[in-house]
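One letter stands for each residue in the lines below.
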Amino acid sequence: MAEEEKQLEEFEQIDFLKDRHVRFFQRTLQVLPERYASLETTRLSIVFFALSGLDVLGSLDVIDKDLIIEWIYSQQVLPTDDKSNLGRCGFRGSSHIGIPYSTKGPGVLHPYDSGHVAMTYTGLCSLLILGDDLSRVNKQGCLAGLRALQLEDGSFYSVPEGSENDIRFIYCAACICFMLDDWSGMNIQKAIEYIRGSLSYDSGFGQGAGRESHGGWTYCAIASLCLMGRLEEALSPRELDRIRRWCIMRQQSGFHGRPNKPVDTCYSFWVGATLELLGVFRYTNFEKNRNFILSTQDRLVGGFAKWPDSHPDPLHAYFGLCGLSLIGEPNLRKVHPALNITQGAFQHLQQLHQTWRSSCGQQH
Amino acid sequence: MQKIYEAELSFLEACLKVNPKSYGSWHHRGWVSARLPRPDWARELSLCDRCLSLDDRNFHCWDYRRMVVKVSGVPVDQELEFSDRLIGSNFSNYSSWHYRSTLLPVLHPQTRQEPPHASSPRGPQSHRVCEEQLLKEYELVQNAFFTDPNDQSAWFYYRWLLGRAEREETISCVYVSREDERVAVAFSRPINARCVGLLLVLDGQPLRVEWRSVHPRFRHSPVLICDLPPGTINDVTNEHNLTVHWTGNHTHRDCALYTGRVESWCRDTATDQELFRSELSVEKTSVLQSELQSVKQLQELEPLNKWCLLTIILLMRALDPLGYEKETLAHFQTLKEVDSMRSEYYSDLCCKFMIENTILKMEYAEVRVFSITDRNLTSLCHLDQLLLVTHINLSSNRLQRLPPQFAMLQCLEVLEADNNFLENLEGVYHLPRLQEVSLKNNKISTLTDLQPLASCPELKRLDLRGNPVTQAASVESDLAELLPSVTDLLL
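These protein sequences, in sequence, are chains Y and F.
In terms of the numbering used here, the first sequence is residues 36 to 399.
In terms of the numbering used here, the second sequence is residues 321 to 811.
Quick caveat, the hints were computed from the structure, so don't treat them as lab data.
No residue lacks a Cβ here, since even glycine has one placed at the ideal position from N, Cα and C.
Incorrect hints may appear among the rest.
[Stated by the list, open to error] Pairs of lysine-lysine, BS3-like flavour, derived with a Cα cap of 27 angstroms:
1) F:Lys672 to Y:Lys323
2) F:Lys763 to F:Lys780
3) Y:Lys341 to Y:Lys369
4) F:Lys390 to Y:Lys225
5) F:Lys656 to Y:Lys296
6) Y:Lys296 to F:Lys341
7) F:Lys337 to Y:Lys296
8) Y:Lys323 to Y:Lys296
9) Y:Lys341 to F:Lys341
10) Y:Lys323 to F:Lys656
11) F:Lys337 to Y:Lys341
[What the hints assert, rightly or not] So these bits of chain F aren't anywhere near chain Y, every CB distance computed over 10 angstroms:
12) Ala327
13) Glu594
14) Glu620
15) Glu686
16) His711
17) Lys763
18) Thr790
Whenever a hint applies, use it, and build me the whole structure from the sequences.
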């Protein structure tokens with residue numbers, strides 16, 4: 036650890052512009068430029084990037100937490116009185132479908148209104164980051180909505196109407212079950228089989244069976260197995276070594292997501308966190324990684340872009356920060372590599388779990 | 321309906337022109353194609369070809385193409401020709417090599433001799449390719465990496481070609497100690513004591529025992545131990561026959577404990593198991609030799625190429641780890657210079673190989689002494705292969721901890737680990753035979769660090785000179801209380 040800190044001191048000439056990033060995320064929470072219109076249905080995930088980014092920066096005090104908590108709860112698809120819509124519960128990405136604003140139940144049945152697995156996942160994370168106790172989360176609804184999304188092969192749809200299905204949504208599902216401390220939301224064994232089936236000939240993970248290895252899907256695979264507590268059961272020591280090798284080879288300066296592709300800021304987290312979960316992140320070159328991430332920093336507007344001299348966006352801004360946090364950048368909070376929230380938010384979750392377990396006295 | 325869907329397809333084509341990486345557009349196109357009364361798969365394939373010619377790494381397009389091929393029944397050999405063409409025009413096309421890796425096992429499968437084991441989930445490694453086709457593929461790949469040695473596509477594909485399926489799951493060792501009335505079993509992979517189906521049979525009678533891992537913080541372990549009911553085997557005039565059955569894997573191992581013997585074991589050595597020739601096929605030594613020659617030729621032309629060096633190291637370890645030891649170490653040195661960004665990873669890999677070679681040498685000499693000193697070791701591995709070791713010397717390395725896995729050294733009598741950076745001794749836990757421990761010049765700073773030693777009942781000699789803990793005021797009396805069995809204490 037001491038050696039790494041020394042390395043960082045030597046390279047502080049590329050300075051980290053904390054205040055710009057705080058303002059970048061503040062603006063993200065206020066107004067988004069027109070080109071984000073197509074992401075309206077997934078707006079909650081952008082809110083997550085901004086909130087978690089501010090948390091990593093230790094600057095959540097600049098926002099009105101209660102206001103945002105209320106908004107998030109208004110995206111919850113709650114069960115109707117007769118519970119006929121349980122399989123459609125969860126969180127929406129935004130109010131795009133036009134449901135009247137309400138943070139309380141009971142739910143009202145509307146055609147085409149349903150939760151989205153990634154929005155449920157980022158919604159719960161966001162509530163935790165804001166210090167909420169999840170008491171208004173309808174767990175029964177979320178878990179039923181989740182179960183309705185899992186296919187025979189173990190993967191998940193994102194919405195009950197159907198969508199593409201792959202390993203990304205397994206990760207979302209694993210996070211939801213982990214946060215709600217209830218694995219009845221998914222069939223773990225089938226999910227593990229799908230994950231194993233996604234292991235490619237070169238020991239990276241694809242989106243599904245037969246698909247090309249990719250840093251993002253590799254993160255989803257490994258992080259999911261870690262959240263489930265099944266990493267060493269699902270993968271042999273030899274397979275784990277080969278996966279480590281594939282991941283370590285992704286570093287070029289920063290990291291890329293696939294061989295022969297350019298490096299991209301967000302992979303400093305996707306691949307970096309995977310290496311951390313596999314215990315070998317310390318073997319990467321921190322200096323080159325840091326230099327690349329900071330080369331994509333926008334000095335005027337704040338945030339980070341995927342490449343140098345590109346426009347910053349909330350996703351890359353957030354993962355750039357996470358990438359820096361992994362290498363121990365001073366003044367950044369530590370991030371839990373599997374759940375992708377700060378360790379502080381994670382500890383808050385652990386306290387909630389303790390409270391839930393002792394109050395209902397159930398075995399988990 | 322046909323007209324409506326076709327209009328949709330035109331619309332989607334326009335969308336894809338604007339954003340060829342939209343999950344929604346591709347998914348919807350797939351949805352429409354699946355419902356079209358008269359689908360035109362040729363048109364779909366041509367759309368894919370056009371898309372890939374613009375961006376041959378577009379995985380959305382590759383995935384869509386895979387679906388079209390499957391649904392329309394395009395024969396696999398035709399797709400293999402397609403990948404031939406793509407690779408032929410551009411060796412650096414990782415996606416094409418990947419596609420090829422999925423086609424090849426379908427077209428030229430290796431016939432499996434045994435059925436897959438029920439307990440291990442099937443993974444992609446079970447899709448191997450038959451020998452004949454392999455040799456042709458070696459030629460193709462060699463052309464690729466000779467043409468462009470810096471592109472990793474061909475190297476990863478090559479490594480996959482050279483690789484072999486996972487080994488059969490077996491019990492690699494059964495060890496019995498008369499004195500401790502304990503049985504230790506080593507498996508070819510880590511297992512969970514609570515889930516495993518193990519049956520112990522002593523002298524023809526099944527015996528109810530409780531299996532456990534060697535350390536509470538190490539639940540998924542390749543070594544499990546159990547205690548026999550007192551009085552079962554402690555009479556040295558009796559001979560006993562022990563069998564351990566691993567019911568889920570239909571395999572077992574016997575061990576005979578003879579009269580007058582206080583311990584016994586039955587083991588497949590690492591050499592027998594070809595454990596450290598981990599990655600590569602064994603049948604074809606001549607093929608591996610010839611591959612090694614080819615890659616060495618390339619290395620002479622491209623001395624700074626890391627893939628060459630890595631592949632040579634791999635091939636050498638497959639052919640003769642001990643014979644090629646000096647060359648391998650030299651190649652690692654070069655590798656660390658050539659790819660300095662990953663030098664720590666290579667150091668760790670090199671340490672692993674040195675541990676493997678030390679194990680092989682120990683087995684060859686038929687001794688139970690494991691010594692690896694002055695090698696800059698930062699971590700330990702293969703501790704499950706050291707179950708029978710009585711003496712271990714890890715001095716003058718860079719170890720910071722002896723992790724829970726270290727407790728697999730159930731036969732250990734003497735531990736020497738001077739001149740390291742040890743501050744954590746978790747793994748020195750309930751080692752029934754441990755008598756002597758030397759930890760001079762380490763970083764042990766508190767009494768708590770030494771707590772695990774209290775679990776070793778036979779510990780008599782302890783050397784702690786040169787550790788911060790010796791500076792504490794009441795260290796001698798504290799240690800006398802913590803470790804009453806120790807008679808010889810050096811501070």
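Hints, verified against the model:
1. F:Lys672 to Y:Lys323: holds, 26 angstroms
2. F:Lys763 to F:Lys780: holds, 21 angstroms
3. Y:Lys341 to Y:Lys369: Since the Cα atoms of Lys341 (chain Y) and Lys369 (chain Y) sit roughly 22 angstroms apart, the hinted pair holds (cutoff 27 angstroms).
4. F:Lys390 to Y:Lys225: holds, 23 angstroms
5. F:Lys656 to Y:Lys296: Given pair Lys656 (chain F), Lys296 (chain Y) holds - Cα atoms ~24 angstroms apart, limit 27 angstroms.
6. Y:Lys296 to F:Lys341: holds, 15 angstroms
7. F:Lys337 to Y:Lys296: holds, 21 angstroms
8. Y:Lys323 to Y:Lys296: holds, 17 angstroms
9. Y:Lys341 to F:Lys341: holds, 16 angstroms
10. Y:Lys323 to F:Lys656: holds, 16 angstroms
11. F:Lys337 to Y:Lys341: holds, 22 angstroms
12. Ala327: Its Cβ never comes within 10 angstroms of chain Y, the nearest being 22 angstroms, so this holds.
13. Glu594: Holds, because the least Cβ-Cβ distance between Glu594 (chain F) and chain Y comes to about 13 angstroms, which exceeds 10 angstroms.
14. Glu620: holds, 24 angstroms
15. Glu686: holds, 26 angstroms
16. His711: His711 (chain F) is indeed farther than 10 angstroms from all Cβ atoms of chain Y, at 26 angstroms.
17. Lys763: Fine: 13 angstroms to the nearest Cβ keeps Lys763 (chain F) off the interface.
18. Thr790: Holds: least Cβ distance 23 angstroms, greater than 10 angstroms.
The structure shown violates none of the earlier numbered hints.
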